[in-house]
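I would like the entire structure built from these sequences, with the hints used as guidance.
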Amino acid sequence: MSFYLYRFMGIDGKIIYIGRTNDIERRILKEHFTDNTHLPSQCYLETEKVEYVEIVNESEEVAYEAILINEIRPKYNTQFKDKGYFDVQLPEFKWREFQWEYEGQLEWLKKKKGNIINANDVMLNCLMNPREYDIRTGIVNVDSGMLIPHQSFTLIAGVSGSGKTAYVLNIVNYNIKKGKHVLFINLKDSVEDLSMRILSIDSKVPINELLLGQMSDKDWDSCLESIEAKKDTSLFFYNTSGNHWDLDKILLTIKESNADLVIVEDLHMIEVEGKEVERSQYVWDKMDYILKRIKILAGQSVSDLLPIANTTGRL
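In the numbering used here, the protein residues as written are 1 to 315.
Watch out, some of these pointers could steer you wrong.
Calculated pairs, DSBU-like style, for lysine-lysine (alpha carbon to alpha carbon, straight line, at most 30 Å) [to be verified]:
hint	residue 1	residue 2
1	Lys-164	Lys-113
2	Lys-255	Lys-180
3	Lys-112	Lys-292
4	Lys-249	Lys-164
5	Lys-295	Lys-180
6	Lys-177	Lys-164
7	Lys-231	Lys-164
8	Lys-292	Lys-255
9	Lys-230	Lys-30
10	Lys-188	Lys-164
11	Lys-180	Lys-218
12	Lys-218	Lys-204
13	Lys-30	Lys-75
14	Lys-49	Lys-180
15	Lys-113	Lys-286
16	Lys-188	Lys-255
17	Lys-112	Lys-178
18	Lys-111	Lys-75
19	Lys-111	Lys-164
20	Lys-30	Lys-295
21	Lys-230	Lys-178
22	Lys-164	Lys-180
The set of hints was computed from the structure by calculation and includes no laboratory data. Keep in mind it's a predicted model, so treat the numbers as computed, not measured.
Quick look at the structure:
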């Protein structure tokens, strides 16, 4: 694991914020310059450059952050601004400038932080930087007719047993192989079952043979190759042990994950506690409330959300 200190530089070269992270790109692109940040918008509007330095271990990272904030007292840092004195000799840091994904990205992200944004700026950025639309299902006929942009919300509904889980597991497998960070929230199946189904999809070994261990040497090789290819991928399951099905906990998990793609399956199993809708006699009132809460989160997050409901086409 890597550890980093980073700093935001203002127009006059003055340091206006100092932070630390173990993933510099995710911290800057998928936390700070989105709605998932705790800093005021003005901090980003004043930022002209972001610099970072890699630190050897986490304990030094934490200590150096506190010392630098205490010495420099950046405008937008609130912690570690005491009147103490650290009698520590800091190393000579070699700060590197953070490289944005494309030219003009910082200015675009700053414009998005404003309350009002010019439509021409939006159109030009979308035209010049189509990578904003980089989530795909991997199914040619679907991708050719439908884009899944960031902050989108897609609902897949159907009767139980219609193959929704198999459909989204194929999407999961495709996106983690493309380097996407995926969070899968399934409130019915075990993580073991889901993992083996993904392994079956990727290795082309039938799931029954995997579960029974009745595989040929070729099948074993295919499975091991698939697992090796996935060792650096990012797929995480929401652990439902202890019945953590509360809507607020699930939404908090989604927000903190900063995933590129979030899939929520079996919406009808989500529990809504302490809400007026909980006392409703109608299950559709509960579903409507859950869907609205997820849709609001999708609009605030950089993630793409694919809620999966075991229900009829009524939704």
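Here is what the structure says about each hint:
Simply put, Lys-164 and Lys-113 have alpha-carbon atoms about 37 Å apart, too far for the 30 Å limit, and the pair is violated. At most 30 Å may separate the alpha-carbon atoms for a hinted pair to count; Lys-255 and Lys-180 meet this at roughly 16 Å. For a cut-off of 30 Å, the pair hint linking Lys-112 to Lys-292 stands: about 23 Å separates their Cα positions. At most 30 Å may separate the alpha-carbon atoms for a hinted pair to count; Lys-249 and Lys-164 meet this at roughly 24 Å.
Restraint check for Lys-295 and Lys-180: the C-alpha separation of about 21 Å stays at or below 30 Å, so the hint holds. Distance restraint check for Lys-177 and Lys-164: the Cα-Cα separation of roughly 20 Å lies within the 30 Å cut-off, and the hinted pair is therefore satisfied. About 26 Å separates the Cα atoms of Lys-231 and Lys-164, which keeps this hinted pair within 30 Å; it holds. Distance hint between Lys-292 and Lys-255 is fulfilled; the C-alpha atoms sit about 15 Å from each other, no more than 30 Å.
For the hint pairing Lys-230 with Lys-30, the CA-to-CA distance comes to about 23 Å; that is within 30 Å, so the pair holds. At most 30 Å may separate the alpha-carbon atoms for a hinted pair to count; Lys-188 and Lys-164 meet this at roughly 13 Å. With a C-alpha separation of about 29 Å, the suggested pair Lys-180 and Lys-218 falls inside the 30 Å cut-off, and the hint holds. Note on Lys-218 and Lys-204: the hinted pairing holds, with a Cα-Cα distance of about 11 Å set against a maximum of 30 Å.
Of the supplied pair hints, the one linking Lys-30 and Lys-75 holds, its CA atoms being roughly 22 Å apart against a limit of 30 Å. Using a Cα cut-off of 30 Å, the hinted pair Lys-49 and Lys-180 holds, with the two alpha carbons roughly 26 Å apart. Of the pairs offered as hints, the one joining Lys-113 and Lys-286 is violated, with about 33 Å between alpha carbons and a cut-off of 30 Å exceeded. About 21 Å separates the Cα atoms of Lys-188 and Lys-255, which keeps this hinted pair within 30 Å; it holds.
Restraint check: the Cα-Cα separation between Lys-112 and Lys-178 comes to about 27 Å, which is no more than 30 Å; the hinted pair holds. For the given pair, Lys-111 sits about 21 Å from Lys-75 by alpha-carbon distance, which is consistent with the 30 Å threshold. This hinted pair does not check out: Lys-111 and Lys-164 have alpha carbons roughly 38 Å apart, beyond 30 Å. As the CA atoms of Lys-30 and Lys-295 are separated by approximately 18 Å, the hinted pair is consistent with the 30 Å bound.
About 10 Å separates the Cα atoms of Lys-230 and Lys-178, which keeps this hinted pair within 30 Å; it holds. Between Lys-164 and Lys-180 the CA atoms are separated by roughly 21 Å; this keeps the pair inside 30 Å, and the hint holds.
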